[in-house]
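Given the coordinates of chain A, assemble chains B and C onto it according to the supplied hints.
Residue numbers (our numbering), protein chains in the order written: chain A, 1 to 474; chain B, 475 to 570; chain C, 571 to 1052.
Hints are supplied without guarantee of correctness; some may be wrong.
[Claimed, not checked] For lysine-lysine, the following BS3-like pairs were computed, each having C-alpha atoms within a straight-line distance of at most 30 angstroms:
#	chain 1	residue 1	chain 2	residue 2
1	A	Lys467	A	Lys451
2	B	Lys537	C	Lys801
3	C	Lys654	B	Lys556
4	A	Lys69	C	Lys943
5	A	Lys174	B	Lys556
6	B	Lys482	A	Lys260
I should point out that these hints are in silico values taken from the structure, not numbers from a laboratory.
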Amino acid sequence: MSFKTIIGLEIHTELMTETKMFCGCTNEFGGDANTHCCPVCLGLPGALPRINETAIEYAVKSGLALNCKINTSSQTDRKHYFYVDLTKGYQTSQAERPICEEGFIELEEVGKKVRIERIHVEEDTGKLNHTETGETLVDYNRAGVPLIEIVTRPDMSTGEEARLFLDKLRARLKYLEVSDVRMEQGSLRCDVNINIVDEERGLKSNISEIKNLNSFRAVEKAIEFEENRHKELLEAGKNTIKETRRWDESVGETILMREKGDSQYRFITEGDIGVLNVDEKWIEDIKNHMPELPAEKKSRFIKDFSLPEYDAEVLTQNKELANFYEKTVELIDDYSMVSNWIMGDVLRRIKDEELEIEETPLTPNLLAELLNLIKANTISNNVGKKVLRTLFETGKSPKQIVEEEGLSQISNEDELIEMIEKIISENEQSIEDYRAGKDRALGFLVGQVMKISRGKANPQLVSEKMKEKLDSLK
Amino acid sequence: MISKEDIKKVADLSMINLSEQDIKCMEEKLVESIQRVEILGQANTDGVEPLLQVHEPIEEFRKDLVEVDYILDREEVLVNTKEQQYGYFKLLNIMD
Amino acid sequence: MDITNISAYEMHEKFLNEEVTAVELVNAHLENMEKLKELNAFITINKEEALERAKILDEKLASGAEMGVLAGIPISLKDNISTKGIRTTCGSKMLENYIPPFNATVVELIEAEDGIILGKTNLDEFAIGSSTESSYFGATKNPVDNNLIAGGSSGGSTVAVKSRQMPLSLGTDTGGSVRQPASYCNVVGIKPTYGAISRFGVVSMANTMDQVGVVGRNVRDTSLLLKTLMKKDTRDGTSYKKSEEVLKNLDVNKNYDFKGIKVGVLKTIGDYKLDEIVARDFEKAVEMVKSLGGQVEEISMDSLKYAPACYHVLSTAEVSSNLARFDGLRYGYRSEKYETTEELFRNSRQEALGKEVKRRILFGTYVLLNENKKEYYEKALKVRRLIADEYSEMLSKYDVLMTPTTPTIPFELGTNSDNTEIQYNSDIFTVGVNLAGICAISVPFDKEEAAPVGIQFIANKFEEDKLIKAGLAFEGGNVDEL
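Bound conformation, chain A alone:
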């Protein structure tokens, strides 16, 4: 049987505004329970919402970055349901006329365009804590925090594509500085809608919605799990039910939360806000102040820094990394050396530690200092790697590390010749080999000198002097 998987995503992102969506309470993460609350976000009787200008601006920015059409006239609506974390019996959202529509993200890697159906603004809910003794404690600090919801069309067909889409989406939102897009902290949440189609037999499974996905990796894994679950059911002549499922990371499975009935949200216009007019002039203004996005930055890196496409792609995937690169090359005149170092040892280190570049002690100044030491032959490339490791661990500057650990390169010829002579006297066989025309022998001898110098000898100089010495012995 040939199956096709159909995947759509719904992404909620908290916006990094100063205040909440509809009131002037601080939008700071955390805080003591119920200390970021006012009559509006608590839903006290008589309190009225007033929409946050910056939240609208951020939504428009996001729409522009995702190639959306911006609606100059949209509408806020009330979505009704009862839940403990909701203070008004409805969530203020946008149903009929969202602020952005019809966008897309290009996945060049797989030659696919994922369409975005809509982006709308809405508010977050409060948080529940369950105590061991069975009580529920409710904190409304998060109630009313501004969100955008991004809804894609069902254009993805593998977990990898979903992952790719999310990577690009996250990079763009981060570039825009509209959200800190951290899945672990819940500032980016992703729900997956998935079903499969058996084209030969004209069968399809019912859509499952997967929630509680705490990382992009979890999104990928959950998709794989669901794909198999749907396939097995169809193959067994059964089908899935329309349901909402929860990803359980510990067992690597999705678990049924609830069956989806007919949803009766009783949407009505939020009359206290009503029509939301965003005039062309404002949109134009936002457009003019858009930061450079990953794709634009990538082509500029290729052009300005003569980088290969792959390198430019890697360096611009993340805004902080791209900034780091740009700042470093201002301090040292060697574009490819900087990119090689960042893409090599620096990124490896960051990946291993699961950190962001800005969370490490490494700064553009320190990296430039290190590379300049190498360029000036004060240390060798290999010692440089060692210095970088120490820098990551201690936060000390490269100069300080080199000094404290006595890592300065030996370029003093007398000192080097002394070592060369010592090695030659200890390796007669190698001299024979060299004479017999075996080039490998030279490398071996140089290596031995490097070894007794504990890597500090200037390798080019050793090689040069070694050759001279050996040739003179002929």
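Frame of chain A, contents of chains B and C only:
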């Protein structure tokens, strides 16, 4: 026409418990209501846009500035609730 | 002299001239409130704080400080207007003990002008109703005749003003809830333009139609409080700057008549099942307007017959939404009986909301169901446009429209509150004004008449000045000469 099932459905959605007798009484009243609003069907609204609000669009958006004066003390936040603990609203032994 | 027997203007003047102290004014009204307890106009009396405030005002006056335009005047508020530290019940068991931690903007405005908030008045539960009989705190009685209903939902406010327990009071008007009880109690009631007075802190019933209204014993008093409250409020996104300009240059001390004023009167007024006395008085009223120079012309409004149905669908839909927040969790009544959150919500709402409120919530939910929305809710929104457009067209041709405020005079207490047909019909002339978001005033035809009849003047958005002028002119006429 509105049925008992309809009433149970809307009662569920609006989180109101109704006894059998309540339902009977409500049914009568809601049927009356439906009959009363049926006249709307006579109005010719072809090509008429719904009127969502009578006020003009918002004059200005709220500037994104923290309004310290309007933020409530935690005591004020919790003053009207029946149960609280450690600064949280509290529900007892919820089973769901 | 009985100090409660004079106008709010005079109270203010006498206070400024030190003929009477604020404390005396408060005490005189408190005395009446005590005497007239059986009318049940008040849910909460703000005695201690009001006396404290009166004392401060007396001292402020003595110190020679400049006084606000409401200085010394006791004012009551319908009990769906939030008062910081004073319980605000909405006439419901649900909010019996709810104490708002904040003031409605109108409260701040009154206090900024040195008015004294002396009590919270009775209302139909959550302002839903038109008789003030559905209050959890019992029905309010009509001072004109204690056997009659006060009208509603702002019945407590109009009764307080009529019976001199208060010179001025605020109500709210969603479909006639200020004008109808004003008519029933023979006092003046104004429903301003939607967006003219801040709704911040005013508990929503049907929020696209709710508006704070003012009740007074005469047009001049009423306009004084109205003018104070017509201010742009940054806490209410539907409040507008132009509200501040409307009454700015209006001189309420002048004598007005209807010369040069174009008045539209419904040609088909006979179709609306008017009580005989209402029909007779309205006819006389039209004659009087003519005799005062008004250019009266007959008009017809085809969409008006849809107004009550349109209002019923939209207001109940909004009620079902606005009352969803009362779940027993953060404030308000919480049932003791629950094992799940859903039971907590269900039981709290069942035990603490009244019958009529539940009915409206259920109907409002019904018209919003996926399967019904188009037929009812969306249809009503379209009809709303027809009604608003027709009013707008009429008001482009006429300065004011004139109708009886209600087709009937008040019925007896306890007889009809469950009769939806009568309730429904009684709104016919008032609800359209709210659907269109325009403004209207109800003025007593004859303040001394035993059967109260109110005359309604309707004007376009932000034309409250026309209402005040028409009201002053009408009040100045002599009905006995007719």
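Hint check results:
no.	hint	result
1	Lys467/A with Lys451/A	holds, 17 angstroms
2	Lys537/B with Lys801/C	holds, 20 angstroms
3	Lys654/C with Lys556/B	holds, 19 angstroms
4	Lys69/A with Lys943/C	holds, 28 angstroms
5	Lys174/A with Lys556/B	violated, 42 angstroms
6	Lys482/B with Lys260/A	holds, 19 angstroms
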